[in-house]
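Given chain A, put chain B in place with the hints provided.
Take a look at the letters that make up each chain.
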Amino acid sequence: MTAARRRELEEIFGADRVEDTPITRRLYSQDLTALSLVDRRHSADEALPDAVVWPETVHEVSRLLRWASEGKVPVVTYGGGTSLRAATMPSTGAIVCDMKRMKRVTRMDENSMIVTAEAGILGEALQHELRLVGLTLGHFPPAFYGSTLGGFLATRSAGSLSTRYGPIEDMVISLQAVLPDGSIVKTRTAPRSATGPDFNHVFLGSQGTLGIITRASLRCRMAPATRTFAAYKFADWNDGVTAMRLMMRKGLLPAAVRYSDPPETARTFARMEDEPDGNVLVLVFEGHDRRALLEASIAAEIALSCHCTQLGEEAARHWFDHRFAEAYRRSPVLAEDGAYMEVIDTAATWSRLPTLIASLRDALAGEGRQVSLYVANASSVGASVCLTVQGHTPAGEEGKTLQAIWTAALSTIRQGGGTVSYRQGIGPWQIDALKEELGVGYDLLRDMKRQIDPNGIMNPGAFGFDRTS
Amino acid sequence: MALSLPAPAAREVVDQLAAIVGPEQVSVAPIDRLTYARDMYTVAIIKHAEGKLEHFPHVIVWPANEDELIRVVKLAPDLGLPVIPFGAGSGVCGGTLPIHGGIMLDVKRLGRIVEINDDDLTVTAQAGINGQVLEMELNRHGYTLGHFPSSIHCSTLGGWVAARSAGQLSSKYGKIEDMLIALRWVCPDGRVYSSPIVPGRSTGPDFDQILTGSEGTLGVCTEATLRICPYPADRRFVAFTFPDVPTATEAMRMMLRNDLRPAAMRLYDALDTMLVGTSGSTEHTQGKSLGDLLQIEQIGNRVRTLAPDLFRKAQRFVAGNAQIANQLELLAKEGCMLILMFEGERELTDYEFEAAVMICERLGGTNKGPKPAIRWFENRHHVSYKMSKVYYNGAFVDTIEVATTWTRLIDLYDAVCAALKPHAFLMAHFSHAYPDGCSIYFTFVTSAADADEAATKHAFIWSLAMKAAGGVGATLSHHHGIGLSKAQYMRDEHGDMMRVYRDIKTVMDDAHRFNPGKMGL
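Top to bottom, those sequences are chains A and B.
Just so we're aligned, residue 1 is where the first sequence starts under my numbering, counting upward by one.
Just so we're aligned, residue 1001 is where the second sequence starts under my numbering, counting upward by one.
Since the hints were made in silico from the structure, they are not lab data.
Note that CB positions come from ideal geometry on N, CA and C, so glycine has one too.
Be careful, since some hints might not be right.
Using C-beta positions, here's what the derived DEER-type ranges look like [said to hold, decoys possible]: (1) Arg361(A) with Asp1350(B): 35 to 45 angstroms; (2) Asp1234(B) with Arg101(A): 51 to 61 angstroms; (3) Asp1015(B) with Gly93(A): 19 to 29 angstroms; (4) Met1358(B) with His128(A): 30 to 40 angstroms.
So that you can see chain A by itself, here it is in the shape it has in the complex:
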């Protein structure tokens, strides 16, 4: 970065909140994307940002974007950096805008159960503030400890308890964002509205391409008074899927409903004594005492009518207590030359789900490779499928192998009526499949991006929206 440019940024942020040291630029040049992690074992080529800045107010964000628009400088918005889809991978010459200093809870409306917080707050910190007043957001994505509210919003994330609490877009009441030209816009805090399009949805899922989300107001719920656990083992895989569907049809809203196949069961419960095996359905109900117990007993009836055996509640408790450990178990695997691991998520309606899962298993099976999966985030319409593919190849082949896995997965998902991304966002290698899934919708998103961001400064490359593409 030129000295002149650095001075301009220092004028906005002060000298201590602009950094362009090599180590900082490197640290911010990657997230948790498997493809890039394995690539870096063998290649020193990497796109580095020019600098990292840490705004503390919406006005600083506004000044940054105005400056960037004028100079046509790319800006990459950065939260926790936990993306698995290269959402924050900067292009060369970009300024990374790390939002984590904008982390205040600005309003706690206990009466209406609405919390307003700045986008850089970590999921766990926000939840902590809520628990102090007897509320919960109910949003527990796997990266709960390391990801930010802004990241949740920008990728439309869903947590492990989304059946009860909904995905993040259902929680958002209003938000504040800065457009690429620096203007500050916001939506109104009302329970529902009929005043035109829902402009929250312009920014939700936009992955930093339309501006920077700086603040949001979210619906919360009462912290649960009670929690019940249950686990069931199904001899036939499809019986468990049917049980989930019937529970949703009955109007039950378990906090968690998670159904794992044998290899996923083995991974999930590896550290448990007397660990269960086979196809295991974990159910967690929470909320008011009577209601939770009532729903759990109706769920038990449904499960047992679908040919299963009842396991103790210990398995469900174990999953619940260790559910955030999953994300951390990846690191040893990834440290080793030749090892690879990828998480692929999709979702489909109930009528398509069994066939889609069977085809994904077929398509991804391979020598020296383990494919495991679970079904979760159930609603009356369908559920998500989360696959983990893990294996070894000769050193240097990892990237090629991962590419092949993705190619097979995406074409199977497209054929089977699944979505190319349930909750992780879209990486560069998913763009062709995204275009297929959205059709004209993709063109509309691209045109909207070009209109709102005519200089193309916001996270260039994301979704393949560049002018050159």
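Frame of chain A; chain B shown alone:
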């Protein structure tokens, strides 16, 4: 009344349209142009009655299917005419008024149910299907959509999506945008947008939610996929009276906060309770409505027996003298009526019912048993039709539905009451409640000598209401939409976000061909 309309579409325009949809499905007949010149917007109704409507469509077309519809849309630029998507014309904000003339694109012939999926609990239907027809067909298969706007007999699925409609059971089933899984949509340039039918996705911004609520400004809905529910196995009714609005809204808030999801949850303020006849303590009140009250011969016996003097005054002044009419509130000895209905699976309904009764009683509610709630349920679609009687007396009526968080709700109620009561007879109910807030549905009645005076007075009352509601941070519409009548308030509602709307409009309809002059664009 002799009809003197501006020139219709030229013969060659009609011929080109007829070549697409067939000669029977294009009309420039004066009666059709008059019929399509208004919706249920109060000012338009009055102007219509006095023969003072100013704007008429050039032509009306009824395409049979999406293909024909697309061809009409693609032809429109060559014809140089605006396009106004039209469902059943039950909107109350002038959203379909052809203020620049144009082609009325009536989608009612796209009225087919495409699929009811038993496994996925979804229905896919074409946009022109009538609401009641859709619900009845779902009932026949053992399902409900759970969407019951009071216009259900005269509104379409496409209209619901276009205006973000809410039904009477929204506390349990949500508004139409909450039920939406996927859309098919013809863009202003004729391209077909179609979103995937999946239970959730992280594939960029959800354009469905940008198109929903766009009220014809971004194109036209041709098909939607919505979630459905098994038809409720059980229904439980109960009603409570509370001494005042704040106590009653507190009970509503506590129920929702505690995860109860009554299908219906309707609170009437003191005046609404007395006049709409939900009280149930006397049989004379059954089925009474605001319209009845203003029909002198049919006026409610209850008011007559309670206060003969004031009643006579009310007869004379109710429509003309708001301050006297609002004094009726002093008679409202029963306080506010809260109606509750629970439906769904038996065991869950029983639990919710008992928990709700406990909360209401703890907060000082008086249990009135199931009757008032059952009576409401049985007559729930009548109110819209009874409204029309009001107009026979030279009076006019309109409704204002605003919404805010629980914390600001009473401020909103007080602010709008204070602003409007000097100028109109005013009552309110609270009929769409959520864990985070609630809507208030104000009904105002006033009178005017003629259409011009009515339009002026109407605009004045609305401006007071919008200023009062905006002042406490409320949203200016919960489910009626914006259309023409509230277009001038879009800037107040959205501020600079209007730029984003204009950007989207530029991308999709730079020429402002679709429903021009609406939504403050």
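Verification of the hints:
no. : hint                                          : result
1   : Arg361(A) with Asp1350(B): 35 to 45 angstroms : 43 angstroms, holds
2   : Asp1234(B) with Arg101(A): 51 to 61 angstroms : 53 angstroms, holds
3   : Asp1015(B) with Gly93(A): 19 to 29 angstroms  : 59 angstroms, violated
4   : Met1358(B) with His128(A): 30 to 40 angstroms : 32 angstroms, holds
Consistency note: the structure conflicts with earlier hint 3 alone.
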